[in-house]
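Number of protein chains: 2
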Amino acid sequence: MKKTLFALAALSLPVAAFADGHAETSTDPHMSVEAMADATLTQDTIAWDFVEGITTEVGPRQAGTEAETRAREWAVAWLIENGFENVADEPFEMETWVPGNLATARVTAPFAQDMVIQPLGNSAPTPVGGLEAEVVFFRTVAELAAAPEGSLDGKIAYISHEMRRAQDGSHYGFAGPARWVASGIAASKGAAATVIKSVGTDYHRNPHTGGTSWPEGVSPTPAGALSIPDAENLERMFARADGRPITMRIEMNPEFIGTTISGNVVGEIVGRNPDLPPVLIACHIDSWWNAPGAFDDGAGCGIVAAAALHVSHTGQPLRTIRVLFAGAEEVGLWGSRAYSEAHIDEHIGVGLESDFGADRIWRFESNFRESNPDLHARLAASVARFGVAGSTITASGGADINISRDQGGAIIDLQQDGTRYFDLHHTPDDTLDKIDPVQLRQNVAVWTQIVGILANEPRSIQTGGPIPSAPAIMEE
Amino acid sequence: MKKTLFALAALSLPVAAFADGHAETSTDPHMSVEAMADATLTQDTIAWDFVEGITTEVGPRQAGTEAETRAREWAVAWLIENGFENVADEPFEMETWVPGNLATARVTAPFAQDMVIQPLGNSAPTPVGGLEAEVVFFRTVAELAAAPEGSLDGKIAYISHEMRRAQDGSHYGFAGPARWVASGIAASKGAAATVIKSVGTDYHRNPHTGGTSWPEGVSPTPAGALSIPDAENLERMFARADGRPITMRIEMNPEFIGTTISGNVVGEIVGRNPDLPPVLIACHIDSWWNAPGAFDDGAGCGIVAAAALHVSHTGQPLRTIRVLFAGAEEVGLWGSRAYSEAHIDEHIGVGLESDFGADRIWRFESNFRESNPDLHARLAASVARFGVAGSTITASGGADINISRDQGGAIIDLQQDGTRYFDLHHTPDDTLDKIDPVQLRQNVAVWTQIVGILANEPRSIQTGGPIPSAPAIMEE
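Same order as they appear, the protein sequences are chains A and B. Numbering of the first sequence is given in my numbering, commencing with residue 1 and proceeding in unit increments. Numbering of the second sequence is given in my numbering, commencing with residue 1001 and proceeding in unit increments.
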């Protein structure tokens, strides 16, 4: 575990391990985790196999629908075929919204033309035949919030609220409220519908969907996202209308269909010491109905599964590595919450998630830098050779590891470069071709290295001390 | 006309000429064409005003429809407002195809998922409720052509036939037949429908439409284009299906609606000598229904109109400059043919067209390099300072100047960089944001320079000799 030499050139993996993406034949207990991580950097095919498979053989997989069920069945079969143990689909109930099959928008005056719109998650339907009203332009959510009560009666609120690219994705926090809360604010002021500029950073005619929400006591209205070129065109219309009202007709037929079944898919690389809390590595299996879910989050599931297998190929790890493909993440973390509820009494050693695309990991963060500085430093140092920097930021974990937050447990964030993530996020353009195989393999290498260390760590990951519930682990 | 010094930094245009895109106030007869061309490189706003205006205030404008009529009305008003004379909308009849409002595709087995499709121009509709059949995969048009007669009975032919980017757009000649003729070939072999990989070079879920054709005696079938990510996904399905048949359901409702009226919009900068054959500078006003037509060809119309105005601002030119915004180009050059038919007896001095986007002009070509080498050399030399190279290629002109070809007249091609043209061509992504204002202005500068020379050329452009029909022009 202290080896730091970078010896990639001298390494190669057994061919059988990578020719068909299966794991059974490739165990090499003489190979170190470091050597394995180095080899995956150029040779991994497992992550690609997963993301190619799920996007080709399943495609979009909206939470709570039959498409998500097929995705879970596909993932269960894939995990079993690749040698995972204790593979299961743990069901849970959810309240399910579906987008319908109709989403049209047209500016009717003064500059008649169609626009590309998609409903936001939790949108109400329009009346059959559509809804036509004057559009009121707000540059920001704050401007909308400042509009007088009742000032939007019967109108369509349009919120611009521009997003910018950021490597760490932090602009999502700035721009996200346009999607998360604007429709609720507009509805509370009497708006008949809300239309937003997509929360995204690309210039293609594919709107970014995603969930919106409704405050207590506010009835849902139709709420949709325009593609960014359409939104900018609408804004130019305001500039050219010379004060004439701009009217728009929209028609959408999303609906809530009541309670359906989703599920969390799990699988394990069983460790030598079952008393030690497992390493939980997570992603989500669902995608929005409009998105094939390559970046979000087929790649994440491929990365964590590949890392687990590569670690197992260096010999049985000390701790169990559990992969969690959470269901119904996009529509409100239903799977992550259900998993935490079901397993809250089972102590998780550490939780990690991959859910931010497939571009290069550039920063390592943990939430135990102060409580277990030796392990934090050892982990950070172990991935420096892959161009991953350390950080003093405290990891908070992603959407799919609620259980680690709920337990107050150890968390690691392996931050991916998100510069182009919001070009693709929740759009039809989230397709396999967007994944750069070189960067995908860098993810696998970093994850293999980190998971390999964690899964062979005998002491408490959070504190470095002996784990009270497992006193018999002093074998190192 | 012999000035070759590059004095851009010292030049500026009267502010009034560019603040609102109007021309009336800006005439400066003391300014040379060279100085004006230099100034437009950094200061032109006219071309942008046109393309922003037509994409914002009209948007998509399918030939023969009310949208194209609105586009012509808009263009007539714009030309008049900007000071053109003899502005007219010259009507012609055409047989009109419309795309309908329904275009869906879904792979039904073995890997059920929706795909994004759009009909090709001249496609027949599917039966109401759609058409489901096995898909037969052809890598190229040649493979399709080699399929035995009747071998496609009742099936859907899919043609891949990959396109690559090329600066000169020459790969369109290689890839285009997949759209132009494959559906006709497939139909002649019994296919129920044809689906092609979009003839394009981008990776977005917006199919490239465009016209297809049917051989004599072959009944039209449904014919559509998948977006390139969808097409590649379909091809991966073939690789993963282990021989199982791949079935697809498509539904589209395009139709021929009979004879409608389109038109050619013309306007002039009237020259000092009306006996001299005019300089004809052309573009087309229509776009496919799915495309706002910024690159194709709003920009082209903006460029030629801006150049005409800038030349006029240096003083009344010797020859008349006529702009032609041809109608119904996309669906078969109806406007270009109608214009030639109506004006065939009116000798055109030289024809030029801008219809390849808005990226930088990089090459100058004429068809009179041998017949009038002095003028060819002078023109080529005049735009070298804008990074435009000469060429020994013989210009053949674009779609909108049939009249010059029909007359056997002088033609110039100002070749634009087409590297990203087929990312956008005939797709919803052909929006204003794709236009780089810096490159657009380089186009205007080059056109201003070239048109300025041509419009002040007293001798025959084609031969350099006196023009027989206008003997009184020896005023230079």
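To be clear, the hints were calculated from the coordinates, so they are not data collected in a lab. One or more of the hints may lead you astray.
[Stated by the list, open to error] Restricting the straight-line Cα-Cα distance to at most 20 angstroms, the calculated cross-link-like pairs of lysine to aspartate or glutamate (DMTMM-like) are: (1) B:K1434 / A:D168; (2) B:K1189 / B:D1114; (3) A:K434 / A:E162; (4) B:K1434 / B:E1143; (5) A:K189 / A:E143; (6) A:K434 / B:E1232; (7) A:K434 / A:D423; (8) B:K1434 / A:D114; (9) B:K1434 / B:E1162; (10) A:K434 / B:E1235; (11) B:K1434 / A:E216; (12) B:K1189 / B:E1149; (13) B:K1189 / B:D1242; (14) B:K1434 / A:D423; (15) B:K1434 / A:E143; (16) A:K434 / B:E1162; (17) A:K189 / A:D168; (18) A:K189 / A:E132; (19) A:K434 / B:D1114; (20) B:K1189 / B:E1143; (21) B:K1189 / B:E1232.
[Unchecked claim] Computed footprint of chain B on chain A; a stretch qualifies when at least three of its residues, placed anywhere within it, have a C-beta under 8 angstroms from a C-beta of chain B: (22) 229 to 236; (23) 385 to 396.
[Stated by the list, open to error] If the Cβ cut is set under 8 angstroms, some of the chain A residues that face chain B in the computed set are: (24) P60; (25) T108; (26) A109; (27) D242; (28) R249; (29) N253; (30) E255; (31) T259; (32) T260; (33) P428; (34) D429.
As the structure is a computational prediction, the values presented were derived from the model and not from experiment. Glycine is no exception: its CB is placed at the ideal position from the N, C-alpha and C atoms.
| task | If any of the earlier hints don't hold here, list their numbers in rising order. | result | 1, 2, 3, 4, 9, 11, 13, 15, 17, 21, 23, 25, 26, 27, 28, 29, 30, 31, 32
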